[in-house]
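*Asks:* Now for the letters of each chain:
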Amino acid sequence: MLILECPYCGVKAEETELSPGYEAHLKRFGPGSSPEEFEAYMFARKNPKGVHFERWRHTYGCGKWFLAARCTATLEVFGTYPAQVSEPPADIIAKIQARRPDWKGYK
Amino acid sequence: MSTRLARGGRLINRTAPVEFSFNGKRLKGFQGDTLAAGLLANDQVLVGRSFKYHRPRGIVASGPEEPNALVNLGSGGRLEPNQRTTTTELFDGLQATSQNHWPSLDFDVGVVNNYAARFMPAGFYYKTFIHPRPAWKHLFEPFIRRAAGLGKAPTESDADRYEQAYAFCDVLVIGAGVAGLKAAKAAADAGSRVILLEQAPVIGGRAPVDQTEVDGQPVEAWISAMESDLAARDNVTIRTRTCGFGVYDHGYVLADERVSDHTPGDGRPKHRLWRIRTGKIVTATGAIERPLSFAGNDIPGVMLASAVRDYVVNYAVSPGDRTVVVTNNDSAYQTALALKAAGLDVPAILDARGAATGPLPEAARAAGIRVLTGKAIAKVKGGKRVTGVAVCAQAGEGAVQEEIACEAVAMSGGWSPVVHLWSHCGGKLTWDETISAFIPDPKRPPLNHDGSAMVEVVGSAAGDLDLTGSPKAIPPVWVMPQGAPIQLRSKMWLDYQNDVKVSDVQLASREGYVSVEHTKRYTTLGMATDQGKLSNINGLAILADSLGSEIPQVGTTTFRPPYTPVTIGALAGESRGEIFQPLRMTPMHAQHEAAGAYFEPVGLWRRPYCFPRAGETHEQAVHREVLNTRQNLGLLDASTLGKIIVKGPDAGKFLDMLYTGVMSTLPIGKCRYGLMCNEQGFLSDDGVVARIDEDTWLCHTTSGGADRIHAWMEDWLQCEWWDWKVYTANVTEQYAQVAVVGPNARKLLQVLGGMDVSKEALPFMQWSDGTLAGFPVRVYRISFSGELSYEIAVPASHGAAFWKACTQAGKALGAMPYGTECLHIMRAEKGFIMIGDETDGTVIPQDLGLDWAISKKKADYLGKRGQERTFLASPDRWKLVGFDTLDGSVIPDGSYIIADGVNANGQRNVQGRVTSTYYSPTLKRGIAMGLLKHGPSRMGEIVEFNTAAGGTVKARVRDTVFFDKDGEKQNV
Amino acid sequence: MSEPVSALNGASFQGFASIREIGPLGMITLRAKGVKALDKAVKAVTGTKLPATRRIEVNGDRACGWMSPDEYLLIVPYAEVAASLASLANDLKGEHHLAVDVSDARAVFRVEGDKAADVLRKLSPVDFDKLEPGELRRTRAAQVAAAMWAQDGGFTLVCFRSVAAYVMGLLTHSAQPGSEL
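Protein chains in written order, with my numbering: chain A, 96 to 202; chain B, 142 to 1113; chain C, 32 to 212.
Treat the hints as calculated values from the structure; they're not laboratory data.
Check the hints yourself; a few may be wrong.
Pair ranges (Cβ atoms, derived) [to be verified]:
id, chain 1, residue 1, chain 2, residue 2, range
1, B, 374, A, 123, 34 to 40 Å
2, B, 1016, A, 138, 21 to 27 Å
3, A, 126, B, 856, 51 to 57 Å
4, C, 117, B, 1017, 42 to 48 Å
5, C, 117, B, 1016, 18 to 24 Å
6, B, 904, A, 129, 53 to 59 Å
7, B, 614, A, 199, 44 to 50 Å
8, B, 861, C, 117, 31 to 37 Å
9, B, 712, A, 126, 46 to 52 Å
10, A, 144, B, 614, 54 to 60 Å
11, B, 953, C, 34, 23 to 29 Å
12, C, 34, B, 977, 37 to 43 Å
13, B, 503, A, 144, 54 to 60 Å
14, A, 186, B, 694, 42 to 48 Å
Cβ atoms here follow ideal geometry from the backbone N, Cα and C, with glycine treated the same way.
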């Protein structure tokens, strides 16, 4: 059972205190978008074996959504950070690159 | 015979005798005994029957690895099947009965399977019970199910309490033998917060039986000094009788504490499940001795050499006057010496090795024990107990050279480190040629959250069998004798509990099973309650040999938690009975109970379904409630309705994105019905929105939807539009809400008094703050029934009093409380949709004719893009219409509207389905709404609904408003 | 008008720790962030400073707890909620904020005794050995949301009103005599 540190309140919360929210850093496509764009946004979610960025909500805590970078194969957590960003922060990227030199980047 | 020795027994208290019973026979033991020790002390060598062949079985081991000696423990509400006698502590009054036999343990009819054993090889069920096909269901399966299974499931509810608890530490040490104690001390010395778990009631592990000293000190003195040292420290917690049974991600460990198994009924919880989160895990779980595979190795009296040693040293129990020791390693010599020291006879040590040298063999010889090297057991003699062994050369095919009379056989095929916990979370193993065993590979550990090793293994669990750091070599002996023919191999048991023999694994390999995982499932090797603790390595060695492969290449099956069986009660913990799950109750719940309400679950809420009166069926009650509300006055507890405040300069903009309609233009003091969709466009929730002030709205949601919709709002505000100035608050539970419904609704409010609720002062779809009967209220004039209706919110702490005021004042006006079913019928009579009835996650508002609630002007709202997808915009969608059955009957729930022809699967084509269907007491006939292809353009057409009974119901397509189409009743 | 009634009307249980439902307490959810007048507005109501992350500032029968980066829980005597809301509205006028009465949406329990923490250890995935004085921990108690903090030699636990009976059941089960950890 995972432990993720909520970046807002600092609680090292266990999985039962959190709710999963699937892939992070999605760009919303609304009216006017092409069928391909909408499909990619709505349905074509990443499911890598390895480095992954996810949304989690500290449901039983402060109620805030945050983002987590972790390895889906080893469950190593590279870091958590607030949700109000459109791409992973530089320090998280650097940490992942140090731990996973072969990593191709988050896109 | 097996018996109690006059002296010794380090774990028993001879001044505290206890009485217990086995199959009704009264037996005597001592405090400190295990049940197995108590049985052996009373010469109860035969303790059960095997699973498949019903062979007589005795105690093999002295710990949790025991495959045979499982019993039913206790009775009634405390009956537990499959309890291991070897880990069950004896207490006064303990009742045990043996399993898997009929009519008695000594005379068992099922043993006929034993004589037919050669017709029941591996995969027997799969091969035999195939034809004729119907026979499986009606003949074979019922027979097998009756015959299968060891213990009997209890029929009474568990009389005991269970609980769970959370614990946190830096270092968790599992196993309090010498290695575990040292690890705990080292961690404690370093200042870590340490928890030390031991599955046994006492700490020390095998050391007091196997060793004389530790670090130059007498072993018992070393252990007790260590125990006092650790117990005195603030940063160390020792828990005995607690088995760490599972290792999970990120340092999470589950452990089962047997709090009062040995003191049943003393009021304490029976078991306590510990949920431990630790920085690092040290497993010091020791090793389990392996049996040897020789013919007749399952006859009662054949035991692990270490177990024989345990019974003699720990419990002063002799397994028999004469014990033959058979081994491939030195450790079994300790057993011979222990027996000798207890004054018992060891006629011979049969050592499969060519030579036996070193201190232990020398000591045995010096003690006058006959040591035969290069020898094996050709066959154990005896039926329900051992009478002797036939000796042969290990190198040959089993030609008998000598027969030795004995009552017990102590065997040792080497040791298997307990690597289970290391493996649970992905730790890898490596084959150690020296000790012929799998050991943890420290280079491939299970990983923690930071990528570091999560588990460290110490002591014999890591392969350091004699704790010297350089264990002595143990040459593998997988079959005894080496060239044993089929007659012998078919009597060599690998898995005692599931009756799997050497010959079965060999047959599986001949039949093409090359994977250890498949062989396991085909032969059932290792699939019993002991999960192959004794059998797995021996079995896969046989498989490797049959395949001409090496053991490491064949590999092991996957180790999964739990290490030992955990009772369901411990896993359930407190979640039983009244607190099985949280039941949400409104402030008026007790009053509804007193009024005889029949409740139904709505999410976790319990809501009155109806209020039946004496002699009334639920249906009659519902119909009375509908008619009374339509004619007089109904009161509904609507407190469960979701209420979310949305406030801020951008709140209007936000709600315009959330709802399909426009909420930003809603005037202060007014209400508007709104729909919410998910991003795919499907309808997700609905409710009335009230504009409270310039920047505040109150959104009502469905009863089941409040938390979900609040989370949905927060998701968008936090993750997408985080620069919008909007705050939300879920105030659902702040208010009790009462719907006052019916022609006399206004009169009731006027009787309560305090504010003007006239048509002029409070028109339809408006709200007003004020007081009623002195209660601070907010009154919404909204209607979900088509009647004149007010929904009145009061602070929850006044809810009960306000409900009472309404029912009392309402008496003269014909008021009756009504439940959710009445609500459903009244809304269906008016053609109002219900989330969850008309919607199922595949329905868009346009399907329901709710286009009027969708803004055409807005550039965007959640779901708008989804609804533009071609298949959702198609004119061929099933759309909502009403139905009148031609005969006035009620269309069954779930019915489909049939169409001509059949589909590719030969099923009848369909063109729609019913979504809401009720008997309308108002109209005195069945009414229904449903989705029908091209529905709105097919008014007046007759369609057919199928029924579960097989027939059809004909109905005429109509509009969805069955009652008071012009809304005259609510607009008064 | 009637007297306000708490969810369980003051139910109690005496086990190895004592369990009491208290209240009703006046409670206000205040949502605001980066608002200049916030310290002053809160002080005017609770007499406390604005709590730091995950802290609760207690002042007699008043308190202010940190619930999230933009949410505070203000505790005042039940009868003073309306006045407190008015005070907040006045002090925060023109600032983006939300202050709302949640007194009746909650149930509040006290768990007291030497081993009070053991009761909570059975229900919440919280390391109570490391829970600091004045720390407000939001978590779950078995299957429902709860907030708890150490105060006056015991713990105060807040949950939703509708599940008060469930939480009382949990606390009663966990505090059974003889089941100390």
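*Asks:* Indicate, hint by hint, whether the structure satisfies it.
*Replies:* Checked hints:
1. B/374 <-> A/123: 34 to 40 Å: 56 Å Cβ-Cβ, so the 34 to 40 Å window is violated.
2. B/1016 <-> A/138: 21 to 27 Å: 25 Å Cβ-Cβ, so the 21 to 27 Å window holds.
3. A/126 <-> B/856: 51 to 57 Å: 20 Å Cβ-Cβ, so the 51 to 57 Å window is violated.
4. C/117 <-> B/1017: 42 to 48 Å: 58 Å, violated
5. C/117 <-> B/1016: 18 to 24 Å: 56 Å, violated
6. B/904 <-> A/129: 53 to 59 Å: Roughly 46 Å apart at Cβ, these two residues miss the hinted range, so it is violated.
7. B/614 <-> A/199: 44 to 50 Å: 48 Å, holds
8. B/861 <-> C/117: 31 to 37 Å: Check passed, 34 Å falls within 31 to 37 Å.
9. B/712 <-> A/126: 46 to 52 Å: 49 Å, holds
10. A/144 <-> B/614: 54 to 60 Å: 41 Å, violated
11. B/953 <-> C/34: 23 to 29 Å: 26 Å, holds
12. C/34 <-> B/977: 37 to 43 Å: Given about 38 Å between the Cβ atoms, the range holds.
13. B/503 <-> A/144: 54 to 60 Å: 57 Å, holds
14. A/186 <-> B/694: 42 to 48 Å: 44 Å, holds
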